[in-house]
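K.L.:
Read top to bottom, the protein sequences are chains G and A.
When we follow my numbering, the leftmost residue of the first sequence carries the number 27, and every step to the right adds one.
When we follow my numbering, the leftmost residue of the second sequence carries the number 38, and every step to the right adds one.
These are computed hints drawn from the structure, not numbers from a lab.
Here the structure is a predicted model, which is why all the values come from computation and not from measurement.
In this text, a Cβ means the ideal position worked out from N, Cα and C, and glycines have one as well.
Any given hint could turn out to be false.
[Unchecked claim] Okay, derived cross-link-like pairs now, DMTMM-like style, lysine to aspartate or glutamate, Cα gap no bigger than 20 Å in a straight line: (1) Lys133/G - Asp37/G; (2) Lys95/G - Glu81/G; (3) Lys51/A - Asp63/A; (4) Lys94/A - Asp63/A; (5) Lys46/A - Asp110/A; (6) Lys29/G - Asp110/A; (7) Lys133/G - Asp75/A; (8) Lys46/A - Glu116/A; (9) Lys133/G - Asp110/A.
[Stated by the list, open to error] Chain G regions said to be covered by chain A (calculated; three or more residues, Cβ under 8 Å): (10) 64 to 73; (11) 131 to 138.
Each chain, letter by letter, is given below.
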Amino acid sequence: DAKTTQPPSMDCAEGRAANLPCNHSTISGNEYVYWYRQIHSQGPQYIIHGLKNNETNEMASLIITEDRKSSTLILPHATLRDTAVYYCIVRVAGNSGGSNYKLTFGKGTLLTVNP
Amino acid sequence: NAGVTQTPKFRILKIGQSMTLQCAQDMNHNYMYWYRQDPGMGLKLIYYSVGAGITDKGEVPNGYNVSRSTTEDFPLRLELAAPSQTSVYFCASSYGLGGDTQYFGPGTRLTVL
Chain G
27 DAKTTQPPSM DCAEGRAANL PCNHSTISGN EYVYWYRQIH SQGPQYIIHG
77 LKNNETNEMA SLIITEDRKS STLILPHATL RDTAVYYCIV RVAGNSGGSN
127 YKLTFGKGTL LTVNP
Chain A
38 NAGVTQTPKF RILKIGQSMT LQCAQDMNHN YMYWYRQDPG MGLKLIYYSV
88 GAGITDKGEV PNGYNVSRST TEDFPLRLEL AAPSQTSVYF CASSYGLGGD
138 TQYFGPGTRL TVL
């Protein structure tokens with residue numbers, strides 16, 4: 027799986043958009059970008075994933091650059107409950123075999139939403 | 038759906054003791070995983086299973102054993118607990134292998150003294 031680079035921490039004001047960047051310059055053509063988050067002491071939670079087109083769901087938007095070497099997770103109206111560690115993970119999607127069975131979590135970005 | 042459930046939430050073991058961490062899912066997922074997370078670190082895969090009766094090692098399997106007799110349950114056994122196994126253990130499941138969305142349980146916080 028391609029390696030990702032994220033800032034260790036970010037702050038955001040409540041009600042404002044939180045934009046979390048991720049660099050993945052070695053991403054392969056068949057690798058997706060996944061975002062998970064982990065609220066303190068809880069299990070990781072899936073947020074969104076995408077291949078090359080921008081994606082949006084009820085939680086967030088994912089913007090992937092045209093060269094796919096970086097992406098940004100956008101939480102449009104951050105709340106205090108969005109304070110968490112956000113993980114950007116690049117991996118092959120679908121029912122692939124071999125070693126493509128695990129999620130590789132790095133250290134992620136600690137997003138702190140301030141009142 | 039309850040999703041992925043784990044018991045117990047907390048446990049303190051003495052060195053050399055054994056225990057089983059329970060994990061169950063009600064989403065009819067074929068694939069299940071056990072991860073551990075040490076303080077300030079990311080998750081590391083211990084074992085995974087692609088279906089009942091089939092399990093395989095992950096990155097850090099030493100000191101652990103698993104079994105998968107049903108689709109729903111995937112217990113993790115610790116034999117001869119050591120302080121290095123102090124960690125938070127997360128169970129997860131997915132419909133597909135690895136690349137599909139993984140759903141995580143709330144975790145079991147284990148301390149070995």
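K.L.:
Next step is simple, just say for each hint if it's right about the structure.
P.N.:
The hints, checked one at a time:
no.: 1; hint: Lys133/G - Asp37/G; verdict: holds (16 Å)
no.: 2; hint: Lys95/G - Glu81/G; verdict: holds (16 Å)
no.: 3; hint: Lys51/A - Asp63/A; verdict: violated (32 Å)
no.: 4; hint: Lys94/A - Asp63/A; verdict: violated (23 Å)
no.: 5; hint: Lys46/A - Asp110/A; verdict: holds (17 Å)
no.: 6; hint: Lys29/G - Asp110/A; verdict: violated (32 Å)
no.: 7; hint: Lys133/G - Asp75/A; verdict: holds (11 Å)
no.: 8; hint: Lys46/A - Glu116/A; verdict: holds (19 Å)
no.: 9; hint: Lys133/G - Asp110/A; verdict: violated (29 Å)
no.: 10; hint: 64 to 73; verdict: holds (count 6)
no.: 11; hint: 131 to 138; verdict: holds (count 4)
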